[in-house]
Amino acid sequence: MFSTVTIDWYVALSVLLFTIGAMGVLMRRNAIIIFMSVEMMLNSANLAFVAFARHLGDLDGQVLTFFVITVAAAEVAVGLALIVTIFRTKHSISIDELNVLKG
Amino acid sequence: MNAFGLAPLLLIFPAIGVLFNTFAGPRLIRAERKTGEMYAGWFASLMAILAFLVAVMLYFSLRAHDYHAETVRLFDWIVVPSAGFTIPWAIQVDTLSVTMMLVVTGVGSLIHIYAIGYMHGDPGFHRFFAYLNLFLFFMLILVSGSTYLMLFVGWEGVGLCSYLLIGFWFDRVNEQGKVMNADAGRKAFVVNRVGDFAMVLAMILLFWAFGSLDFGAVFGSAVDLFAHGEMVTLFGMEMTVGAVLTAVTILFLLGAAGKSAQIPFYVWLPDAMAGPTPVSALIHAATMVTAGVYLMVRSNVLLEIARQSTLDGVAGASLLGLSGPDWIALTGAATAVLAGLIAFTQFDIKKVLAYSTISQLGFMVAAAGMGAYVAAMFHLITHAFFKALLFLGSGSVIHGMEHGHHHVHEHDHEHDAHHKAEKFDPQDMRTMGGLRHKMPITFAVYMVGTLALAGIFPFAGFWSKDEILAHASTNHGSIFTAVYILLTVAAFCTAFYMGRQIKMIFFGSPRHEAAEQASESAPIMTYPLIILAALSLLGGLLNFPFFTESAYKAAKAAHSFGINLGLEHWLEHSITAFALTEEGIVHMPHTPTWMQVDVALISTILALAALALAVGVVYRKRPQTATERDPLQGTPIWWFAILPFEWFYMHTVVPAFKWSARWLAEVLDGAFWHDFVHDNIIRDLFVGFAKFSANVLDANGVDGLVNGSGRLTHAVGAVLRKTQTGYARNYALGVFLGTVILLAYFIFAS
Amino acid sequence: MGNPILFLILAVIAVGSALGMLLSRNAIYSALFLVLNFVTIAVFYLVLNAPFIAMVQITVYAGAIMVLFLFVIMLLGAERLGGVGAVRDWEWATAALLGAVLVLVFILEMVLGKGVGGTETAVFVDSSPTALGLRLFEAYVFPFELTGVLLLIAMIGVVVLGRTKKRGKHVQHSNN
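Protein chains in written order, with the numbering used here: chain X, 93 to 195; chain E, 4 to 753; chain G, 177 to 352.
If you are wondering where the hints come from, they were derived from the structure by calculation, not from laboratory data.
Don't take every hint at face value.
As the list claims (entries may be wrong) - Restricting the straight-line Cα-Cα distance to at most 20 Å, the calculated cross-link-like pairs of lysine to any residue (SDA-like) are: (1) E:K556 with E:G511; (2) E:K725 with X:E189; (3) E:K725 with X:L174; (4) X:K194 with E:V738; (5) X:K194 with E:K37; (6) E:K37 with E:K725; (7) E:K725 with G:T270.
Unchecked claim - Among the chain G residues that face chain E by a calculated CB cut under 8 Å, a handful are: (8) T270; (9) V277; (10) V281; (11) E285; (12) P305; (13) L308; (14) E321; (15) L328.
Stated by the list, open to error - Have a look at the derived ranges for each label pair, beta carbon to beta carbon: (16) G:A269 with X:T181: 52 to 60 Å; (17) G:M250 with E:V709: 56 to 64 Å; (18) X:T181 with G:M250: 53 to 61 Å; (19) E:V709 with G:A315: 56 to 64 Å; (20) G:D302 with E:K725: 56 to 64 Å; (21) E:Q727 with G:D302: 30 to 38 Å; (22) X:T181 with E:T742: 28 to 36 Å.
Quantities reported herein were computed from a predicted structural model and do not represent experimental measurements.
Note that the Cβ used here is the ideal one computed from N, Cα and C, for glycine as well.
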């Protein structure tokens with residue numbers, strides 16, 4: 093069972109990382125930490141993509157990873173700019189402060 | 004030659020005239036009074052003349068067509084597909100309707116032209132001609148319709164025009180501040196409603212009994228049923244045709260009594276003289292009032308069947324032992340006498356003629372009731388000529404008197420402005436006198452009209468009146484005898500009041516300064532008078548009788564009647580009763596075809612005697628002044644003449660009408676219908692239902708549903724809003740939950 | 177797909193750094209743990225025959241993005257803003273439960289089911305930057321262009337967001 097590394101190993105690792113990322117999103121109040129958790133979730137997906145690319149002998153998985161990284165870069169740029177803007181008005185980056193949607 | 008296709012033009016021309024004078028007339032007259040009046044008046048007259056020409060062409064077409072009736076169908080009017088029932092709008096062209104068309108449009112044209120002069124300067128000039136054309140339109144519908152329904156449309160239409168034209172000067176008030184003209188119009192309209200109601204009932208009866216209102220269909224069906232002695236089912240009852248038709252003829256009599264001013268509805272006609280004189284001549288003397296006579300003649304088959312049923316003793320076919328036509332004849336004769344007597348007492352020049360018209364209409368109605376349909380039509384035609392002539396002549400006199408009054412007035416104005424206030428009635432014969440020198444043409448034609456009306460040989464009235472009298476005298480039966488006596492008395496009265504009238508107007512010396520200053524009317528008014536005078540003189544040629552029995556028999560053997568009995572041979576193609584008599588189905592009273600010398604002598608002598616009595620004895624030296632009492636005033640004859648009119652009418656008919664109207668209004672309509680039915684049944688039921696709806700259905704049902712849905716939403720929202728914490732973390736948790744569930748599903752499901 | 181021992185070592189580092197990021201109270205530490213995580217994943221990429229992606233991962237993620245994070249953290253002074261315990265208990269518990277369920281689902285799937293199955297292919301595809309570039313510009317040229325537009329939009333967005341306050345001042349000034 094442990095003689096060779098199969099795709100299942102990578103999927104399991106990917107799931108673990110994804111879950112940890114999700115926990116970060118759900119359990120932290122710091123917007124920056126939440127953001128970082130999201131990046132981690134993206135990375136877990138990337139890892140799965142690359143693993144499957146290797147597994148299937150297909151380059152498309154790597155191309156997708158490339159796109160994900162690009163989009164993530166753009167997202168981080170905009171997201172951090174938003175956080176800075178919010179901090180300017182609220183003087184906090186705790187997302188608990190952003191509860192104007194409360195019913 | 005066949006011009007039947009032109010028949011619709013008969014209606015279209017007057018309709019164009021109405022539209023022209025309604026829309027273009029006011030502009031034309033506003034733009035330029037004198038030429039505008041010329042255009043408006045002559046256009047209307049032209050339309051009347053064109054309609055007359057169409058009628059003439061129809062006349063020749065009928066002659067070329069061997070007198071066969073033709074029906075020109077214009078369009079389907081009332082269609083009930085489920086019942087397979089259609090009432091077309093069709094023009095009946097037969098000898099009877101063409102006769103009426105010729106009279107209506109011929110006399111109408113002359114009166115139109117006359118009115119251009121008479122109405123000159125009136126502010127309602129164009130309105131007058133629009134109404135006049137409208138009247139022609141409806142009158143032609145009346146006489147040309149091929150069904151009773153079309154006849155009724157025309158009947159009501161001319162009633163409307165009559166109302167409009169009587170009240171033409173609707174804003175004129177008398178000394179008491181009453182709008183007499185408008186009131187007179189209303190009176191005519193309301194009185195006619197009673198007769199019209201009878202007409203509607205008659206039509207309903209006819210429709211129920213025979214399933215049609217078409218003349219041909221009704222007559223054919225009636226003859227069939229009568230000849231085979233079959234019954235008709237009405238209101239679930241078996242009734243004989245004779246009984247139905249007796250009812251119909253009595254109802255027709257009531258209808259005609261309204262329109263043709265017979266007892267008991269004649270009261271509206273004298274008041275109708277409030278209208279302009281051309282209207283009196285056209286509508287209230289020559290044409291509209293003869294509609295009742297036309298109705299009788301048109302329905303000759305029904306009248307003859309009713310008469311025959313009574314003679315045969317058919318069940319239910321009589322009223323108080325007399326047949327329907329007998330009632331018609333007696334009513335006509337009684338009206339002739341009564342109106343002739345009332346005419347003695349009138350001072351208004353037009354009212355004398357109005358009662359004269361009622362009296363002469365009585366002659367016609369009596370003739371129709373006696374089965375002398377040709378004589379009735381003959382008298383209708385000659386009467387149209389000479390009565391139109393007399394009315395237009397009286398209009399000329401009034402015009403002359405007004406002119407004279409204006410002249411005096413202007414003269415007075417210089418020294419005494421307050422003199423204006425003096426009352427002056429240009430229609431009062433007591434203010435006239437000696438006009439024969441001032442108005443020679445009017446005098447000459449008026450004399451012709453008078454002699455024709457009085458029945459002096461050889462004027463038109465002599466021949467037509469004599470034919471009626473001869474018919475009454477030669478037929479056997481108490482009814483005929485009674486009618487003969489009544490009509491002879493009426494003829495005497497006629498001559499007397501006409502003698503009185505011409506004496507008061509034209510002879511003697513002027514009794515008012517207006518009469519001194521009176522002047523002859525314009526040629527546009529006198530030319531139509533001269534034409535009518537010629538017609539009144541020569542009208543007898545229309546149905547010139549044979550002088551002796553042998554002459555008639557010789558002509559009959561040779562099948563060549565020449566000019567004699569022209570109208571009879573013309574009309575017998577429309578009067579189906581002639582053919583039915585030959586077939587022996589009915590027995591129409593026979594009109595003598597040669598002259599009854601004794602009858603003619605008696606009536607002529609009586610007429611001459613009456614004229615002489617009036618002119619030479621009673622009114623020989625009188626009146627001398629405008630305020631003088633009439634020589635007959637205070638005598639029994641005066642009271643006899645005046646009583647039935649004012650007293651009887653005011654004390655019987657009016658209270659009865661008022662009482663029944665009040666009963667209808669207060670008890671039936673007010674107490675029962677409004678108070679009881681409306682309040683107790685309709686209102687309370689409605690209110691109850693509304694309350695149930697509002698308090699129970701709406702409050703609990705509808706409101707419960709609507710408010711319930713609102714409350715439910717509110718309650719659900721109150722619970723669900725707790726999930727909306729506003730924390731992005733919680734929403735992300737939801738997303739994550741969904742993700743986990745979906746992933747689990749995909750994995751375990753595959 | 178690599179040596180099992182190497183995989184396990186790398187996996188422990190990756191999970192450990194991820195947990196470190198999650199649990200650190202200081203945002204700076206979290207960021208640094210994340211850098212470690214990213215680098216570890218880059219090594220995985222190398223193992224998985226994706227050298228170009230590994231380099232991009234290190235330059236873009238571990239380099240540019242994480243520098244940006246650190247910069248913002250320091251700029252805002254937001255290093256210490258409470259740890260996992262800062263949220264309410266039920267939130268924490270639910271999240272943990274769901275995470276456990278997710279992991280459990282996969283474990284169950286892999287233990288009870290066949291897993292994804294199969295071994296690595298014998299073929300090593302050419303994953304050089306040239307091959308990847310050709311692939312990118314042949315089959316994915318439209319998404320590539322779209323990504324370019326996305327980056328441009330993001331750039332403009334950031335500029336606009338950064339400018340807001342200045343503009344407001346300017347408007348106020350002009351009003352005076």
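That 28 to 36 Å hint for T181 (chain X) and T742 (chain E) (C-beta), does it hold up? holds (32 Å)
Between Q727 (chain E) and D302 (chain G), is the Cβ distance one that fits in 30 to 38 Å? This hint is violated: roughly 53 Å between Cβ atoms.
Holds or violated: the hint that P305 (chain G) contacts chain E, with Cβ atoms closer than 8 Å. violated (34 Å)
Does K725 (chain E) sit within 20 Å of K37 (chain E), going by the straight-line distance between their CA atoms? violated (93 Å)
Restraint check, 8 Å cut-off on beta carbons, for L328 (chain G) near chain E: violated (28 Å)
Does the alpha-carbon distance linking K194 (chain X) and K37 (chain E) stay inside the 20 Å limit? The given pair, whose Cα atoms are some 90 Å apart, is violated under the 20 Å limit.
So if I understand the rule, the pair passes when the alpha-carbon distance is 20 Å or less; does K725 (chain E) with E189 (chain X) pass? holds (17 Å)
Consistency of beta-carbon spacing, T181 (chain X) to A269 (chain G), with hint 52 to 60 Å: This hint is violated: roughly 33 Å between Cβ atoms.
If you take the shortest Cβ to Cβ gap from L308 (chain G) to chain E, is it below 8 Å? violated (30 Å)
Given the hint of 53 to 61 Å, check if T181 (chain X) and M250 (chain G) actually sit that far apart at their C-beta atoms. violated (20 Å)
Can the hint on V277 (chain G) be confirmed by a CB-to-CB distance to chain E that is less than 8 Å? holds (6 Å)
With chain E as the partner, please determine if V281 (chain G) meets the hint condition of a C-beta pair closer than 8 Å. Nearest chain E Cβ about 5 Å off; hint holds.
The structure shown violates the earlier hints numbered 1, 3, 5, 6, 12, 13, 14, 15, 16, 18 and 21.
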